[in-house]
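**Q** Each chain is listed here by its residues.
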Amino acid sequence: MSVFAPATRGNLIPYIPLLAYVLFACFIAFAGFQGFRKVENLIEVEKLNDLGSIADMKVGQIVSWQDGHRRRAEAFSAGALLATEFERWLQEGKPLDGQEQKILRVLAGLQLTHGYATVSLLDRQGMVRISTGKIDALDGADLKLVLEAMNGRHPLFSDIRRIGHGDRAVSLSLAAPLIDANLENGPVVGAVLLQIDPHDFLYPLLQLWPSESLSAETLLTRQEGGDVVFLNELRHRKGAALSLRIPAATLNLPTAMAIRGETSALNGIDYRGVPVVAVMRRVPGTSWFMTSKVDRSELFAPINQLKEWAASLGLASAVLGGGFFFIWLRGIQARQKQLKAEHDAALEREMRVKHFKYLTRYANDMIIVANEEGQIVEANERAEQALGYSREELLHMRVVDLHDPFDRLAISGKFEKLKQEGAIRLEGVYQRKDGSAFPVEISARVIEVQDVKYIQGIIRDLTERKQLEEMRAKMEHAGRLTIAGEMASGMAHELSQPLTACNNYLDVCLRRMDENAWDHEKLRDTLKLAANQAERAGKIVRHLRGMVQKQGHDRALVDVNLLIRDVTSFLEDEIKRQGISLTMTLLPLPQVMACRIEIEQVLHNLCKNAIESMYSWPQRELRVSTRVLESGFVLVAVSDTGKGILPEEMAKLFNPFQTSKKDGLGLGLVICRNIVESHGGQIWMDTPRAFGAEFCFTLPIGVQHE
Amino acid sequence: MSECAGQATVFVVDDDEAMRDSIQLLLESVHLSARTFACALDFMKHFEQKQEGCLLLDVRMPGMNGMELLELLKSGGIDLPVVMITGHGDVPLAVRALKHGAFDFIQKPFNAQELLDRVHAALDLDRKNNRRNSEVAQYRALFQALTDREMEVVDLVVAGNSSKMIAKALGISPKTVDIHRANIMRKLNIRSVAEMVQLRLTLLDA
Chain A
1 MSVFAPATRG NLIPYIPLLA YVLFACFIAF AGFQGFRKVE NLIEVEKLND LGSIADMKVG
61 QIVSWQDGHR RRAEAFSAGA LLATEFERWL QEGKPLDGQE QKILRVLAGL QLTHGYATVS
121 LLDRQGMVRI STGKIDALDG ADLKLVLEAM NGRHPLFSDI RRIGHGDRAV SLSLAAPLID
181 ANLENGPVVG AVLLQIDPHD FLYPLLQLWP SESLSAETLL TRQEGGDVVF LNELRHRKGA
241 ALSLRIPAAT LNLPTAMAIR GETSALNGID YRGVPVVAVM RRVPGTSWFM TSKVDRSELF
301 APINQLKEWA ASLGLASAVL GGGFFFIWLR GIQARQKQLK AEHDAALERE MRVKHFKYLT
361 RYANDMIIVA NEEGQIVEAN ERAEQALGYS REELLHMRVV DLHDPFDRLA ISGKFEKLKQ
421 EGAIRLEGVY QRKDGSAFPV EISARVIEVQ DVKYIQGIIR DLTERKQLEE MRAKMEHAGR
481 LTIAGEMASG MAHELSQPLT ACNNYLDVCL RRMDENAWDH EKLRDTLKLA ANQAERAGKI
541 VRHLRGMVQK QGHDRALVDV NLLIRDVTSF LEDEIKRQGI SLTMTLLPLP QVMACRIEIE
601 QVLHNLCKNA IESMYSWPQR ELRVSTRVLE SGFVLVAVSD TGKGILPEEM AKLFNPFQTS
661 KKDGLGLGLV ICRNIVESHG GQIWMDTPRA FGAEFCFTLP IGVQHE
Chain B
1 MSECAGQATV FVVDDDEAMR DSIQLLLESV HLSARTFACA LDFMKHFEQK QEGCLLLDVR
61 MPGMNGMELL ELLKSGGIDL PVVMITGHGD VPLAVRALKH GAFDFIQKPF NAQELLDRVH
121 AALDLDRKNN RRNSEVAQYR ALFQALTDRE MEVVDLVVAG NSSKMIAKAL GISPKTVDIH
181 RANIMRKLNI RSVAEMVQLR LTLLDA
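So the sequences go chain by chain: A and B. When the letters of the first sequence are read in order and numbered with the working numbering, they come out as residues 1 to 706. When the letters of the second sequence are read in order and numbered with the working numbering, they come out as residues 1 to 206.
Just chain A, with the same shape it has in the complex (with noise of 0.2 Å):
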């Protein structure tokens, strides 16, 4: 745990920043938002001032303008304009001549200056009577106000209705008595009725805004039953005037909102359904509410466009934060990943280097590195005490330098074959820095390091080994000629014998004969004696092959299998340093007569002759093997994977004297084959095979020979 403690803490170290970052967004995320929604406040307030004023002032306006109309239909009613003549022509009953003329210019005159659309006079019943426009009756509405406006002896307002199909077929009619002004309480005559076209003064009045807006705009509404009614043409829809109906409950909805009693909305939703700010008003002495309104998203346009700036500028710098955050913390990442690995690296570098250097410094071998060039970079301290140069010498010599200069001609090219095969095995021979030179086995090898190659050495002072294997090799040949000369001096003692004996015997019958002793008798009784002993050295000649069994070695039972155990354990050492492979297939034998060294010789020649054709050959195996032949003979199988032997040298392989080793004495078969033919066996060499060769013997089961 402790070892992945550090690393999780070390993961988390960048998200600090990150948390940070994103903390610092939203604090100037909030307070911009806060900032804003000032600033739409302040807006909204200013907003409202400015709509309250407008709606005021067209309230005032329209006001102003009813007053106006009502001013001039109290003038009527008070007779100071018509009442008289058109008095006296209700009460003549029709027209003077030129009066009706007269009126209608009046009317005209009316109509014109006032901007109403027809002027009509009535009588008391409301016929009209004369009119500016085509009017013949009154419909129903008129009439109602006009007979209102008579009784009540006041002018009076209608509202305004729709008089037809079509944009413009709206009106807004104003009765007015005439009253007789002769008289206190005079009687109403008749009435005038004037028609007005909103799109004449009103329409154009609401829709009048003091400043440019693009959405900006004036209603005009009233309630009719639970429903608002727009009277006004609108901006935003064509031939809405009276037609357009939405129901008062509507709870957003500035004009209803108007209705109850509310004068300002700042999140209303208008017709259209479009966010609006808006303030109401009524209209004094009407039933008409005034609602002055703005889109939200005009009185926030600009606003609204820096808040877009705002955003896609925080936006942008958040992606680009973000972006710039995420490369540095992978770049962060990736440092410590690579930081690790590079750690780990060096950590598990140094090791090497640790076990290295106490591989070399402890190391029984010259241990040398070189460049490609050749060139010495390293060597261990076996190294300097082996070659007498000190490290810093060594560093400047080429391996090359290290060897003999007679030697130096032998390795060359190996470098490059070196380099070829990435590995190399081979002997020569050192200088020491005294000049002195001594053998020594080399295993080099090209390695890698971080793509450089190095050439490796390692360098075994052969000259121990080389002393130990002279040595060996005196003492084996020492020992081979021990056994010659042993044979020789026995057969020489043997041979003494008779001989001394002869001489004696010849010498006395010499100096009897010079004394004449001796009669001829005793002399040829001598001499008999002296031709016997010459003849038992000639015996002894004759049978010199017979001389090694003559030796007297004592035979018993002996276990051919143990012996072979023996013999081979005897060779272990240079079987082991031959590098052969020895394979034993030993089955149960029965115990045979004979003598014990006698078969121990046979089993060391045959074995020494297979190693020894194995010098010098790739493969080294040498085997060895039992078995009974049911004839009753035990088989001794030797056979090695050595040189072989040519076919011309078959026949007279087991002759004396015959041999094809450089200081051999062709006596190892001979005396083999006396060995085994003495115990009744027999030897052969197998059939020649592709390789090697193999010997067989046998030897008889439990015969007591001899």
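Some clues are possibly wrong.
[Stated by the list, open to error] Partial chain B-side listing against chain A, Cβ under 8 Å, derived:
{"id": "1", "residue": "Met19"}
{"id": "2", "residue": "Leu26"}
{"id": "3", "residue": "Ser75"}
{"id": "4", "residue": "Gly87"}
{"id": "5", "residue": "Phe110"}
{"id": "6", "residue": "Ala112"}
{"id": "7", "residue": "Glu114"}
{"id": "8", "residue": "Ala159"}
[As the list claims (entries may be wrong)] Listed below are several chain A residues computed to face chain B (Cβ distance under 7 Å; list not exhaustive):
{"id": "9", "residue": "Asp507"}
{"id": "10", "residue": "Arg511"}
{"id": "11", "residue": "Arg512"}
{"id": "12", "residue": "Met513"}
{"id": "13", "residue": "Gln533"}
Simulated from the structure, these hints should not be mistaken for lab results. Note that CB positions come from ideal geometry on N, CA and C, so glycine has one too.
Chain A is fixed; fit chain B onto it per the hints.
**A** Below, chain B without anything else, positioned relative to chain A:
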């Protein structure tokens, strides 16, 4: 053994019959008395200490070999000269034999004359030994006549002391020393101090 010359006998120990027989004939041909034995034990049974002559001894023999017999004889105080017969090339064995007191050695195969020369030399030595031995016995008898005090005086004289020094050493007067010396001369039948020294050393050597 029929043709004996004096009392000396040449003893021959060899396991080879032909060797024994031929050597015997050879020795007899030069008028030497010879006795042969096939093995060391045989010789030990028949040999008597007083017998004069020499021994021809083969080194290689079954049973007790020549070297062992030689060592046995020398440790038994028998000074019969021994000539060892060795095989050819057995020089180290021969040298060992000489160190153990053998008189000489001869290598087989040998010339008859060589053997005879060595046998004669051995017999000469044996004779000399015998003569000296008898002299020593004679001297020993003479010295036995001396008193203890006279023996002390003889040893001091042989050590090279003057009469005065002897007197001082023995705590007697020089005159008494001179009387002792006169008696000694008379008893040993000698006339000079030189002769006395020679006699005494001969005895000590023996």
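**Q** Decide, hint by hint, whether the structure agrees.
**A** Cross-check of the supplied hints:
{"no.": "1", "hint": "Met19", "in the structure": "5 Å, holds"}
{"no.": "2", "hint": "Leu26", "in the structure": "5 Å, holds"}
{"no.": "3", "hint": "Ser75", "in the structure": "28 Å, violated"}
{"no.": "4", "hint": "Gly87", "in the structure": "5 Å, holds"}
{"no.": "5", "hint": "Phe110", "in the structure": "6 Å, holds"}
{"no.": "6", "hint": "Ala112", "in the structure": "3 Å, holds"}
{"no.": "7", "hint": "Glu114", "in the structure": "10 Å, violated"}
{"no.": "8", "hint": "Ala159", "in the structure": "54 Å, violated"}
{"no.": "9", "hint": "Asp507", "in the structure": "3 Å, holds"}
{"no.": "10", "hint": "Arg511", "in the structure": "4 Å, holds"}
{"no.": "11", "hint": "Arg512", "in the structure": "6 Å, holds"}
{"no.": "12", "hint": "Met513", "in the structure": "10 Å, violated"}
{"no.": "13", "hint": "Gln533", "in the structure": "5 Å, holds"}
Hints 3, 7, 8, 12 from the earlier list are contradicted by this structure; the remaining hints agree with it.
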